[in-house]
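Colleague: Listed here are the chains, written in short residue letters.
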Amino acid sequence: NAGVTQTPKFQVLKTGQSMTLQCAQDMNHEYMSWYRQDPGMGLRLIHYSVGAGITDQGEVPNGYNVSRSTTEDFPLRLLSAAPSQTSVYFCASTPRGGPKDNEQFFGPGTRLTVL
Amino acid sequence: GENVEQHPSTLSVQEGDSAVIKCTYSDSASNYFPWYKQELGKRPQLIIDIRSNVGEKKDQRIAVTLNKTAKHFSLHITETQPEDSAVYFCAARSTSYGKLTFGQGTILTVHP
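Chains A and B are the protein sequences, given in the same order. Taking the working numbering, I'd label the letters of the first sequence as residues 1 to 115. Taking the working numbering, I'd label the letters of the second sequence as residues 116 to 227.
Errors might be hidden in some of the hints.
Within a straight-line C-alpha distance of at most 16 Å, the following computed EDC-like cross-link-like pairs (lysine to aspartate or glutamate) qualify [stated by the list, open to error]: (1) B:K152 to A:E103; (2) B:K157 to A:D38; (3) A:K100 to B:D164.
None of these hints come from the bench; they were simulated from the model.
Sequences and hints are given; from them, build the entire structure.
Modeller: What follows is the structure in structure tokens.
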């Protein structure tokens, strides 16, 4: 199992550009989430999904869109990048039930800089 | 929504000492409380978690306690080692499985 994978690892954008951060998991987890982590701060939830076709907003959803067409993939779209979106982005997946019930598995992160 | 407060923000101890990090939460419906360790440039890694029907859980040098009445939970690390140096985050889950609210983090430094 590759676990949770994220691409790209690093990205530099100019203000106003759009892009998609990719996230995939091969553990058949129902739940997936996107967080951002700013320097010296904890993780803040952007969007999350409880299953294919179902998404909901987290704490800081403005400027981001998500979709979940398959169980495996949960891309995060930045519509018009702003310097305030400079951050490290983590994707996570969570199983329901089983020995790892509740545990969030994090991807390696994408470091995004918006100039 | 849920709000999680974590203290202290930095903690410095000597090797072999104990370290305690405390968190409070606001939503009495929260029922799952994980602790994550994050090394510089790495992803958060789960080190221990506790559910609301349990008061204490231990795993070797690490323990977590939960007081539901007071809505706080704590991480205890005994016999600290330099490799315990990292940022530690507490979190709470109140509704959806995919939705954790994190504390602000504690930078733990263990001096040899």
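Colleague: Quick one: which hint numbers does this structure break? Sort them smallest to largest.
Modeller: none
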